[in-house]
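Knowing the structure of chain H, use the given hints to seat chains S and L on it.
Listed below, chain by chain, are the residues.
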Amino acid sequence: MKYWRKPLDLETIKASKGKVIIAEDRCKGCGFCVAYCPRDVLAMSQTFNAKGYHTPAVIDGSKCVNCHFCEALCPEFAIFSMEATEAAQSKTSLSRRKNK
Amino acid sequence: MKTKKAENAVPEHPMEGLIRSERLPHIWCAGCGIGTVFGSLIAAIQKSGYDLNKTAIVSGIGCTARMAGYIRLDSFHTTHGRALPFATGLKLANQKLKVVVVSGDGDLLAIGGNHFIHAARRNIDITVICVNNLNYGMTGGQLAPSTPFGAKTTTSVTGCPEEPFNFCYLASACGAVYVARWTSLHIRRLTNSITEAMQKRGFGFVEILTPCPTSFGRRNKIGTALETLKFYHERSVIRNDIDPKEAPIDFGNNIVVGKFVDTERSTFLDNYQLSCKNLIGDWPDFGGTIVSEKPTS
Amino acid sequence: MVDNAVLTGTYFMNGDYACCEGALAAGCRFFAGYPITPATEIGERMSHRLPELGGIYIQMEDEIASMSAILGASWGGVKAMTSTSGPGFSLMMENIGLGICMETPCVICNVQRAGPSTGLPTLVGQGDMMQARWGSHGHYEVIALAPSSPQEMFDLTICAFNLSEQYRTPVMIMADEVVGHMNERVVIPRKEEIKIVGRRKPKVSADDYLPYRPDPDGVAPMANCGDGYRIHITGLTHDERGYPGMDEKTQAQMVNRLIRKISGNRDKIIRTENIHLDDADVVVVAYGISARSARQAVRDARNRGIRAGLIKLETVWPFPETLIRDVASRVRALIMPEINAGQMVLELQRCAGGACPVHLVAHMGGSIIHPATILSAIEDSIKGKK
Numbered sequence: 001m002k003y004w005r006k007p008l009d010l011e012t013i014k015a016s017k018g019k020v021i022i023a024e025d026r027c028k029g030c031g032f033c034v035a036y037c038p039r040d041v042l043a044m045s046q047t048f049n050a051k052g053y054h055t056p057a058v059i060d061g062s063k064c065v066n067c068h069f070c071e072a073l074c075p076e077f078a079i080f081s082m083e084a085t086e087a088a089q090s091k092t093s094l095s096r097r098k099n100k
Numbered sequence: 001m002k003t004k005k006a007e008n009a010v011p012e013h014p015m016e017g018l019i020r021s022e023r024l025p026h027i028w029c030a031g032c033g034i035g036t037v038f039g040s041l042i043a044a045i046q047k048s049g050y051d052l053n054k055t056a057i058v059s060g061i062g063c064t065a066r067m068a069g070y071i072r073l074d075s076f077h078t079t080h081g082r083a084l085p086f087a088t089g090l091k092l093a094n095q096k097l098k099v100v101v102v103s104g105d106g107d108l109l110a111i112g113g114n115h116f117i118h119a120a121r122r123n124i125d126i127t128v129i130c131v132n133n134l135n136y137g138m139t140g141g142q143l144a145p146s147t148p149f150g151a152k153t154t155t156s157v158t159g160c161p162e163e164p165f166n167f168c169y170l171a172s173a174c175g176a177v178y179v180a181r182w183t184s185l186h187i188r189r190l191t192n193s194i195t196e197a198m199q200k201r202g203f204g205f206v207e208i209l210t211p212c213p214t215s216f217g218r219r220n221k222i223g224t225a226l227e228t229l230k231f232y233h234e235r236s237v238i239r240n241d242i243d244p245k246e247a248p249i250d251f252g253n254n255i256v257v258g259k260f261v262d263t264e265r266s267t268f269l270d271n272y273q274l275s276c277k278n279l280i281g282d283w284p285d286f287g288g289t290i291v292s293e294k295p296t297s
Numbered sequence: 001m002v003d004n005a006v007l008t009g010t011y012f013m014n015g016d017y018a019c020c021e022g023a024l025a026a027g028c029r030f031f032a033g034y035p036i037t038p039a040t041e042i043g044e045r046m047s048h049r050l051p052e053l054g055g056i057y058i059q060m061e062d063e064i065a066s067m068s069a070i071l072g073a074s075w076g077g078v079k080a081m082t083s084t085s086g087p088g089f090s091l092m093m094e095n096i097g098l099g100i101c102m103e104t105p106c107v108i109c110n111v112q113r114a115g116p117s118t119g120l121p122t123l124v125g126q127g128d129m130m131q132a133r134w135g136s137h138g139h140y141e142v143i144a145l146a147p148s149s150p151q152e153m154f155d156l157t158i159c160a161f162n163l164s165e166q167y168r169t170p171v172m173i174m175a176d177e178v179v180g181h182m183n184e185r186v187v188i189p190r191k192e193e194i195k196i197v198g199r200r201k202p203k204v205s206a207d208d209y210l211p212y213r214p215d216p217d218g219v220a221p222m223a224n225c226g227d228g229y230r231i232h233i234t235g236l237t238h239d240e241r242g243y244p245g246m247d248e249k250t251q252a253q254m255v256n257r258l259i260r261k262i263s264g265n266r267d268k269i270i271r272t273e274n275i276h277l278d279d280a281d282v283v284v285v286a287y288g289i290s291a292r293s294a295r296q297a298v299r300d301a302r303n304r305g306i307r308a309g310l311i312k313l314e315t316v317w318p319f320p321e322t323l324i325r326d327v328a329s330r331v332r333a334l335i336m337p338e339i340n341a342g343q344m345v346l347e348l349q350r351c352a353g354g355a356c357p358v359h360l361v362a363h364m365g366g367s368i369i370h371p372a373t374i375l376s377a378i379e380d381s382i383k384g385k386k
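Residue numbers (the working numbering), protein chains in the order written: chain H, 1 to 100; chain S, 1 to 297; chain L, 1 to 386.
Source of the hints: derived by calculation from the structure; they are not laboratory data. Honestly, I wouldn't trust all of these hints.
Straight-line Cα separation of at most 30 Å, DSS-like style, residue types lysine-lysine; simulated pairs [what the hints assert, rightly or not]:
1. Lys54(S) / Lys203(L)
2. Lys54(S) / Lys63(H)
3. Lys191(L) / Lys277(S)
4. Lys17(H) / Lys47(S)
5. Lys230(S) / Lys19(H)
6. Lys47(S) / Lys14(H)
7. Lys200(S) / Lys54(S)
8. Lys230(S) / Lys51(H)
9. Lys47(S) / Lys19(H)
10. Lys47(S) / Lys63(H)
11. Lys96(S) / Lys201(L)
12. Lys201(L) / Lys54(S)
13. Lys17(H) / Lys230(S)
Just chain H, with the same shape it has in the complex:
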């Protein structure tokens, strides 16, 4: 990101990084998450899930800032985002994110 001057708190504030988890078999291919991700992390894939819908796929995971908008919009509870660090730690079983 380009700044005209260096922000004073650049060292202390860290932009969050997120990881998108997709529960493909719940997806019904509505496309909300793809259309409304503010960082264009997702695109509709060419593959089908077991129900015959095209599901979203992460095309550039590094851009995800864990804003949870895909999670909020999804009607099927089929997609959510997590802090990238938490997700990296729990590879096999995804622990529940703490509710605020």
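Using the frame of chain H, we list chains S and L on its own:
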């Protein structure tokens, strides 16, 4: 085109604790806005801070009313239009409960219209979430009191001959203390609104416009649910605190959304206690299921 | 504050008021109703008695709302009741069905008046008896009681609440305008003498609890809303978890269980008062105010040397099939007086099964059946007429 094999382990969604996931996939169509509103409701309930064991959902009949079956709280799926009187009885019997009524536009305001105006008038302390998809979706897309004039439905193939209600105006006129309208795209403001309405003492009403691609959208050539959301994006204007009378849903012009009414009024129980004072003096606290609410000054 | 739920004493009391006092003695603390002649007095008395006891009275906008509200209140953990007459009873039918399907304890008092439609609002009828049994759509069993005096209005209302909590079902009190509006001696006993039944609570934790898994007697323990069990309760056909099951197997399981819950416990539910049955040649079977006329007619018949007997139905539904079958096999005739064109008499005929003739003494409504009319029917039956 490949078909992926079914994954054995579905990763756990953050709201898993409040969803009856053994009943998923739910019945709502692909792109149905009800699913989004359902997620928003769960997020709002979590945010509201209420004891989840004392939070109850009451619904009537219809697509929206099926929400009661998917949420892991005490939930009651009652008869068409009668969610509000059921919720009234439930709340009055156990005042510690936080009661949220979720139902559709037809259920709450057509067959349930009489109960709606009286529950608002009495200012029963419940929150009403009204999902407005402009028709009767569950039965295949018939006209409803929300259907725009001229819209096509299965019972108005040449165009709806009736003009719709402005539900927010109606709610406000009947005495609701919190009135807001959002679309299913305004997801964060909606979640906040539902939380605010729940935390407010008295009859709170939140109307949410949602796409109904299968029943309404198809017949009116609106396109996919995504296109409806884009339409909301373009045409909705947020006007907080205006008179709901000035906030129509005018698809030809603008969809006015916002928090319109946020006021205070004594609830049914406040007034009941006041009127019974002569009979009984101080309100008895039985410590059991009937517990007094402290009246406002 | 004095707990005066049970107004022990002897009173000259109106039947509607006695019903209200019976409800309060049974623990009713919520009433939602709508005024309708001749049941209005029940609501009126409730409106000032309930706040004294920490209960709530609410006058709803119509009978449909009243019935829904008492279901909600019952799920909120409070014994709840409504009262109405014919036109309101018709309105309540859908939600009575909901109460039966959801297995919600509550009491509905129908102080019958002459119908159909608006009919004779201030005058007696007994024309809603079959409606009590079949009024809502679908197939189900009901429990309905018929008081024949203000004293029975008190006693049978307590019985109604007990049965509704015991069997987790709405119970109807099929009173009538005369019983409701007459003033007669009512003895209210001491609180300790009144037996109250509460709903069965679950003994297992929330993780193991299934809202519709029945105990051996067919009744499932009931967790109230707010008890932490996170129940889902629906009017859709449902399985033991309470979740909708849209298939014939779930339908068969649920409907059979709902029917057997009551029909399987008939012997514990049915109450009748049997008078002079042992040596009777002719037996009058009656309920409500007609049982009072019948009692006098039977007394007069005995005085004339006719061996008449009386079965006073206190529960009208379930109908006392076994008793009737037994009596029909050993009497010369059965007679039923009722203030309608013949409703419960159809049950009587069915259960008698042709073992003896069954005679109806009908009255279209507007006044009670005179004992002399019943006496003449008794005499005719002995002579073998009609």
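Status of the hints after comparison with the structure:
no., hint, in the structure
1, Lys54(S) / Lys203(L), "20 Å, holds"
2, Lys54(S) / Lys63(H), "40 Å, violated"
3, Lys191(L) / Lys277(S), "26 Å, holds"
4, Lys17(H) / Lys47(S), "23 Å, holds"
5, Lys230(S) / Lys19(H), "26 Å, holds"
6, Lys47(S) / Lys14(H), "25 Å, holds"
7, Lys200(S) / Lys54(S), "16 Å, holds"
8, Lys230(S) / Lys51(H), "26 Å, holds"
9, Lys47(S) / Lys19(H), "23 Å, holds"
10, Lys47(S) / Lys63(H), "28 Å, holds"
11, Lys96(S) / Lys201(L), "20 Å, holds"
12, Lys201(L) / Lys54(S), "17 Å, holds"
13, Lys17(H) / Lys230(S), "27 Å, holds"
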